[in-house]
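Undergrad: The chain contents come next:
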Amino acid sequence: MSTVLQTKLLTKRYGDFVANTDINLSVAKGTIHGVIGPNGAGKTTFFNCLAGTVPTTSGQVLLEGRDITTLAQHKRPLAGLSRSFQVTSLFSDLSVFENLRLAHQALSPGKGFVFWHAAHETGSTAEAVDMVLARTSLIGERDTLVSELSHGQQRVLEVGVALMSKPRVLLLDEPTSGMGIDDIPQMITLLSDLKKECTIVLIEHNVGLVTEVCDAVTVLQGGKVISEGTPHEVSNDEKVKIAYLGEDL
Amino acid sequence: MLTKTPLFVHFLAAFAIAAVLPMLLPSYVLATEILLFGLAVIGCNLLLGYTGLLSFGQALFFGSGSYFAGLMSIHLNLGIVPTLLITMALGALIAILVGVFAIRRAGIYFIMLTLAFAQLGYYIAFLAEPITGGEDGLLDIQRPALSIPFVAKFEFDSDFSFYALTGAIFIVVFVLMQRLVKSPLGTVLTAIKQNEARAEAIGYNVKLYKIVVFAFSGSVTALAGALYAFMLKFAPLSNIDLETSSQILFMTILGGLGSIYGSVLGSAVFLVASDFFAELWPRWMILLGLLLIFVMLYMPGGVSKSLEDLFAKISAAKDQRGKKP
Amino acid sequence: MNTLSKFLIGCASAVALGAPAVQAEDKELTINIVASMSGAFANFGLQAEKGARLAIEEAGEAAGMTLNMVVIDTESNAGKGARKVQADLSEHGPGIYVGTTLSSTALAVGQAVHDAGGVYINGGGADELTGEKCNASMYRWSAPTYGAVNASLRPVLEAHPDIKRVYTITPQYVFGEAMLSNAKTVLEEQGIEHVGNSYHSLKDKEFSGFIAQAQAANPDLLILLNFGSQAAASMQQAVNFGLKDRMKILMVWSSGLDTMQSLGSDVSDGVYFGAQYWHEEEAAGNQSLVALTQAKLGEAPNYPLASYYQMTKIMIDAVNATGGADPDALKAHLAGYSYDGITGTETVAADNNQVEKNFYLLLGKDAASKADENDFADVVSKGKFFLSAADAGCVK
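Residue numbers (this note's numbering), protein chains in the order written: chain A, 1 to 249; chain B, 1 to 325; chain C, 1 to 396.
A hint or two may mislead.
As the list claims (entries may be wrong) - In silico EDC-like pairs for lysine to aspartate or glutamate, Cα to Cα no more than 16 Å straight-line:
no., chain 1, residue 1, chain 2, residue 2
1, A, 29, A, 233
2, C, 396, C, 128
3, B, 207, B, 196
4, C, 27, C, 61
5, B, 193, A, 93
6, C, 396, B, 140
For the record, the hints were derived by calculation from the structure and aren't laboratory data.
All chains, full assembly: derive it from the sequences and hints.
TA: Next up, the structure:
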């Protein structure tokens with residue numbers, strides 16, 4: 001299986017505080033790869049480095065063999081790497097349709113600078129948006145404002161927006177965060193469905209979901225990788241148990 | 001959701017505004033001032049209402065526009081169209097310069113940077129007295145003519161003819177701006193205003209878009225400044241000072257952020273209210289201050305939003321009455 | 001209701017607020033008083049308006065027309081003032097305009113009035129108003145920097161032959177530069193050493209640094225070439241530093257009574273002040289004003305009040321003399337017009353429309369010597385120093 005996303009000795013320092021130390025990650029194509037760890041382990045910082053939201057201090061990020069370490073954040077979706085956010089980050093006063101359309105529009109470089117004709121809402125744009133609406137079961141909410149959606153629907157839309165760029169690698173930061181028990185199965189189905197066309201790296205706290213969905217798991221603690229393997233292997237690793245439950249147990 | 005008002009309707013509306021305005025006012029001069037400040041407010045609205053960027057430096061573009069246009073008229077004697085187009089280009093350049101530096105910082109630091117640039121502009125204008133007239137301002141500005149080769153030459157000496165020119169320019173810019181805010185660029189600016197982080201993450205070079213909107217804002221604001229200088233035949237130093245920046249912001253908020261119609265409303269209400277209050281009481285600035293406080297507290301969407309709400313209520317009430325069995 | 005109608009009705013209602021009532025104008029003559037009623041110089045406008053009103057009420061009518069006073073508030077802003085005068089000219093046609101002391105406003109208003117064919121008199125201080133930027137429709141009542149400096153500095157030097165070294169404090173802009181260059185000319189001519197100058201900006205409020213520089217230069221005379229609140233502040237700080245004991249101090253461009261009232265006798269005592277007007281002037285033209293102001297307002301006239309009174313009166317008298325308000329007739333009458341004014345005999349120079357009038361040098365006195373609460377100073381000398389149109393660079 002080929003490696004679609006890789007990091008080599010990725011380190012991120014904020015002044016004296018080291019958030020990520022020498023992280024080596026290898027994500028195989030067509031898999032769902034979980035990144036887990038106790039709070040403060042540096043998972044979101046790691047994601048921010050992968051997505052280009054923050055610059056790395058040292059180390060490399062390779063996408064399909066290409067070094068994208070210094071590639072600007074806004075160029076990564078076009079390169080095939082998209083992310084979603086742990087705290088819902090959408091355009092809340094705009095409709096679901098518009099949120100998705102904006103993501104689609106960004107894919108044609110320079111299209112966003114056109115000021116002499118109205119934005120396209122029909123044709124190929126509408127098709128692309130409707131496809132994602134179908135996958136995320138939000139067709140009925142096409143014209144609803146994001147602020148009026150339920151939390152669960154917003155989390156699903158979070159993923160949907162990232163999907164618009166037809167990514168080859170999808171970075172999902174706690175996609176089920178704050179979701180109710182009843183909404184989670186929908187997310188699991190969506191993730192399994194997406195696996196067919198892209199590789200997914202996800203940060204998650206929900207142990208059940210990780211076990212059910214992930215093919216491989218990397219465990220971070222204190223900014224370092226402490227364990228790696230299948231969900232089963234990792235859950236039986238002593239180091240991981242201590243990391244989550246503490247030394248005394 | 002993007003509304004579907006055809007551009008032609010906006011054109012008719014702008015035309016109607018320009019046609020009706022002087023009928024409601026005692027002179028063409030005040031009507032001209034309302035329209036040209038309306039343009040300045042549109043420039044400010046692009047930054048603040050549509051992109052969420054609060055700039056205290058609009059007077060820098062306004063005043064620069066006055067000076068460039070005035071100097072061109074005195075020394076070069078080009079026609080009105082080249083003069084205004086060049087002024088707009090220069091306004092865009094200055095705005096890009098400011099934008100490139102100011103957008104490196106966010107929030108309060110951004111605002112302070114725009115303010116700093118505005119102050120810089122003021123002192124340059126003040127000290128460059130041989131060019132700008134310094135404290136005295138630039139005097140004896142003539143209004144350039146409109147020459148259509150081999151056809152005709154129009155001078156703009158009368159108040160009416162200058163108003164007609166301003167009205168025509170206003171209509172064109174108004175329609176272009178309505179087109180802009182619904183264009184892909186407009187949708188990106190709206191996205192940036194709502195959630196800059198997400199806009200960047202989905203693939204928009206936010207810094208570059210901010211510079212672009214600065215260019216548009218600077219160019220339209222400089223155009224307004226040029227028209228003001230031609231109207232007065234004089235470019236006062238005050239065009240580039242902080243008070244002018246504040247007044248433009250005030251008009252923008254008063255009219256309603258994110259509304260091109262609101263821009264004209266804001267300029268009209270502010271200028272008419274100032275004149276009206278000034279006739280009543282020399283301490284009228286207190287009344288203006290109270291008006292601003294009132295608007296900020298009770299009409300946060302500006303006058304345009306409040307009028308829209310009012311009409312919505314009236315229509316709803318009419319519907320209710322109609323429904324009685 | 002669509003956006004269009006909504007907007008129109010909204011706009012109409014907002015604007016209907018401001019449409020002023022139509023004024024009937026039969027047998028009525030409007031005198032437009034241009035003053036800074038609000039903004040940074042509002043306190044000046046307040047007094048100015050009173051002076052104009054006194055003149056208009058005193059006359060009541062001119063050439064058979066009832067006098068009507070309209071106040072145009074410049075808001076202490078040249079652009080606003082110019083726009084309002086332009087709007088007024090376009091609404092009412094060429095008219096008579098009186099006032100403003102801000103030179104930038106005066107220049108702009110003068111240009112607008114000249115273009116429309118009216119008549120305008122102002123109290124601005126910049127030399128170019130009757131110099132390089134003069135025009136045939138604009139008159140200026142006050143003495144510009146040339147006259148102010150000559151009429152105040154020369155008598156001080158005469159009274160104190162021991163003055164050999166002079167230090168100046170100057171605001172760094174056109175007006176200040178003009179004051180300084182005029183002062184330097186006088187000093188050079190008299191063979192007096194100009195030992196140094198401190199420039200300051202129009203925003204400065206703290207002058208101790210400049211005063212320390214002045215002190216270090218050890219002059220016999222310190223000349224303050226700034227004006228308004230900055231002049232008062234630098235004077236106050238100079239006195240606090242004890243400079244009065246070491247040298248003479250001259251404030252060239254004071255507002256006369258206003259300045260001394262705000263400084264108080266302790267500070268004003270022994271200090272030389274240049275002033276455009278002094279209420280204790282004995283000339284008949286002033287005594288009548290003093291009596292009028294005392295009777296109607298219970299106060300002594302200060303510079304803003306007096307200057308606006310005089311400027312308005314000049315226009316009213318011109319209307320009476322020509323039997324109407326025709327601008328060309330008024331201008332013809334004003335050329336070389338001489339009258340008993342508030343500073344003695346005043347003459348309107350035909351070549352550059354400058355009113356040639358006395359400028360005063362006053363010497364402040366201590367509280368015990370005051371004859372009444374407003375007797376802050378004695379007149380040391382008064383004089384008329386004016387450049388001809390050719391020397392001033394005026395081509396009408």
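Undergrad: Hints first: check each against the structure and report whether it holds.
TA: Evaluation of the provided hints:
1. 29(A) with 233(A): Violated - the C-alpha atoms of residue 233(A) and residue 29(A) are around 20 Å apart, more than 16 Å.
2. 396(C) with 128(C): 12 Å, holds
3. 207(B) with 196(B): 10 Å, holds
4. 27(C) with 61(C): Within the cut-off at roughly 10 Å; holds.
5. 193(B) with 93(A): 11 Å, holds
6. 396(C) with 140(B): 14 Å, holds
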